[in-house]
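Asker: Residues per chain are reported as follows:
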Amino acid sequence: MACNSSTCNSSGCYKGYEEEEQPKPNTKAAVNGGNSCQNLCVKCKVNEPVCCGIGGENSRFCKDCFKNNLYGKFKQAVTYNAMITPPDKVLVAFSGGTSSRVVLQFVHEMQYKAQKNYDANKDKSLPVFGVGVAFIDESSTHSFTSLHIEKAIEDIRLIVSNLAPPSKELFVVPIESIFSSDGIDGKERLKELLDAVSDVTGKEDLLIRLRILLLQKIASENGYTRIVLGTCTSRIACHVISATVKGQGYSLSADIQYVDSRWEIPVVLPLRDCPAQELNTLCSLDGLKIVELLNGPCSGINGLVSSFVKVLQEENPSRECTIVRTAGKLTPFHFNRVPEIHDSNVPSATRRHQKRYTLKPNGSLSSDSFCPICSSPLKKSNFPSSLRSHGNQQNPDLIASACSSCQFQILPKDPSLMEEFLSVLPQQMITKAKHGDQGDFSLLREQIQEFLLSDGENEI
Amino acid sequence: MEADSKPKKSGARLCCVCTQNRAALKRPKTLEQICRECFYAVFEEEIHQVILENQLFKPGERIAIGASGGKDSTVLAYVLSELNRRHNYGLDLFLLSVDEGITGYRDDSLETVKRNELQYGLPLKIVSYKDLYGWTMDEIVKMIGLKNNCTFCGVFRRQALDRGAALLKVDKVATGHNADDIAETVLLNILRGDIARLSRCTSIITGEDGPIPRCKPFKYTYEKEIVMYAYFKKLDYFSTECIYSPNAYRGFAREFIKDLERIRPRAILDIIKSGEDFRISTTTKMPEQGTCERCGYISSQKWCKACVLLEGLNRGLPKLGIGRTQGLNSDAKISNGMVIQEESVQEGQLFCTNQVNPEDQFFGFYICKK
Chain A
647 MACNSSTCNS SGCYKGYEEE EQPKPNTKAA VNGGNSCQNL CVKCKVNEPV CCGIGGENSR
707 FCKDCFKNNL YGKFKQAVTY NAMITPPDKV LVAFSGGTSS RVVLQFVHEM QYKAQKNYDA
767 NKDKSLPVFG VGVAFIDESS THSFTSLHIE KAIEDIRLIV SNLAPPSKEL FVVPIESIFS
827 SDGIDGKERL KELLDAVSDV TGKEDLLIRL RILLLQKIAS ENGYTRIVLG TCTSRIACHV
887 ISATVKGQGY SLSADIQYVD SRWEIPVVLP LRDCPAQELN TLCSLDGLKI VELLNGPCSG
947 INGLVSSFVK VLQEENPSRE CTIVRTAGKL TPFHFNRVPE IHDSNVPSAT RRHQKRYTLK
1007 PNGSLSSDSF CPICSSPLKK SNFPSSLRSH GNQQNPDLIA SACSSCQFQI LPKDPSLMEE
1067 FLSVLPQQMI TKAKHGDQGD FSLLREQIQE FLLSDGENEI
Chain B
-1 MEADSKPKKS GARLCCVCTQ NRAALKRPKT LEQICRECFY AVFEEEIHQV ILENQLFKPG
59 ERIAIGASGG KDSTVLAYVL SELNRRHNYG LDLFLLSVDE GITGYRDDSL ETVKRNELQY
119 GLPLKIVSYK DLYGWTMDEI VKMIGLKNNC TFCGVFRRQA LDRGAALLKV DKVATGHNAD
179 DIAETVLLNI LRGDIARLSR CTSIITGEDG PIPRCKPFKY TYEKEIVMYA YFKKLDYFST
239 ECIYSPNAYR GFAREFIKDL ERIRPRAILD IIKSGEDFRI STTTKMPEQG TCERCGYISS
299 QKWCKACVLL EGLNRGLPKL GIGRTQGLNS DAKISNGMVI QEESVQEGQL FCTNQVNPED
359 QFFGFYICKK
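One line per chain: the protein sequences are A and B, in this order. In terms of our numbering, the first sequence opens at residue 647 and continues consecutively. In terms of our numbering, the second sequence opens at residue -1 and continues consecutively.
Read the hints as simulated data drawn from the structure, not as lab findings. In this text the structure is predicted, and so the values were computed from the model without any measurement. Built from N, CA and C at the ideal position, the CB exists for glycine as well.
Here chain A is said to cover these stretches of chain B; the calculated rule only asks that three of the stretch's residues, wherever they fall, bring their Cβ under 8 Å from a Cβ of chain A: (1) 183 to 196; (2) 259 to 266; (3) 270 to 280.
With these hints in hand, go ahead and build the complete structure from the sequences.
Answerer: As structure tokens, this is what we get:
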């Protein structure tokens, strides 16, 4: 049943009609101009190359061209998707790793340039967007010494303070503050919650959800309008595979776009087109300091997928890009674009630009409902059977409305433990379950906005 | 639940279904401890349900089971004939085997199929590459080496199955593709960027608009369970890897899925579910379906792949039809792998004409006599 040829090229062998696989780096690309090009940067053809892009031997860049290339990808993603506009206040999620360090650096440079323009400009019409940085302290879920974490936080403060002017506010928030009760209470509750999840992968995924919820909380409490994540191509490739493996094929396209407006504060991914390898190279070239927090290697499914993608990368360095490109052909959701700007302070050119370039809504305005735990859009016909709610009449909503993946790996198997589990979940998740089908009303509202007389949000 | 979280109890465990017999095995799909009888029952019942829910067959249909002599097709033949009897599907079942001409491998597995014919009482038809195309795989490999041999075999086999099915005058072909195969294919299509195939590869019935539809009754059946079934039932099958297949791209996906199954058995079905749920736009460019100008077989290009490859073999151009770039060959005026000048066919060579022999739908191969 299987084709076992490693280099099989026939169309009967999964290389299809539309395959857009990038050329392998060791194929002999036509070398024009002979030997003289081999020792020069492929871009400017002037300087000596100091590093390689993922194209291997065919993409040797000098430092400036390499950096400009990466920054260019970032800038294009930001502009093309109208991620950051002048009135925005942008919260950069900083984990200490290379991707978030680079995105912080790039956002800072963009802000710096905007500031210079503002200062040089007489009429001061375009305000400069604000930037804040958030670091989530997850030490209560790991066994770091407090010295270790304190040093890390100090380093982070130093990094952020050096990225001024313009100055940026830094939020160092422990993960347990998601429970809106701080200190010991929060820590206990977090521990109880994580202990209640027996599946290792479920635990890791739940933690990721809590992280996003906390970022949302910080952003909305402090008036931020965008959350910037440093998610790079490599991480997205891993997510594509792991979502497929967890049965989340329907919602996969929601997580991997440039913009995700499911939540109150839209989340944007400007480094989506940058492979981790290039980001690592940039950090070492530019001496960008990173803070290694050794959150421990992922285990379970996530760790397995990571090693799998690593193996594939070694076999072909452009594999990650192909994976992301394939997944990029899946249809996104209506919330995968920035909400329309109604603010008259935003220049109309920007508004027109955004309207032109953001995705058209996907056909019918289906009112997607979302899983209360992982916020993934649920396929209508896939409403999980209510077999599991037999043992628990009090909260059938949460169980029935969770996606099959969360039902399997996060919710407790034993119905008698369900009550207890629900009591330790963050309030935000429970609320979502109760008001399940609220997802799409904002989009409907957008359509009729100009005819609404009242300004209130509470007609629903 | 992680596979290693169940505490092991000492002493004999009872089957979790009948609670009478001692558990003889752990079900790979669900990790349930189960006795042999109950395993057979649940294995067969699940397949029966898949057949019903997806309406794979209709009463009175003639069905060809693609039989290689391997475990999947042997178990498929066994189970289908059993279910056909037990539930009165009313089907006429046949075994259809393809002889690629690989000495030491195929002749052994063909012996197995011949034994199956007797054991299960199902009429057998063997179609060979030698008869259909004039080439055995041994000869092909001798000419082109070990690099793209799977290309030839896969393309030729697909057509061979259809031709054999036409000769048997069956309504459908059933193949033994199992859940592991389909999960591997989903992953491969993601890795290879083939969005068109990604949208089709999880269909349990394919080719409904072509000559002979094919179905995969084992779509949700785990490979490990098939092996277990064959083992316990002591079914006769041949298990060796094809000698011409070096370790290869599908191997990556296979390794990964094996590791995955160890920590979360249901992941295989989850991959298939994801494949079914992918939001792929129906306006995504799909290949247009037409017919081959030479032999009339279904094709999206002017000539079907088999004709292109065959032409390459006959003309001593092993690279014809291989790879994506089809450059212009100065001495034979080849464009997109199609020979434009028919005069170039040599005496004694096997070639295709535009004439379709009315006796069999696709044939048009003749020996050139000038």
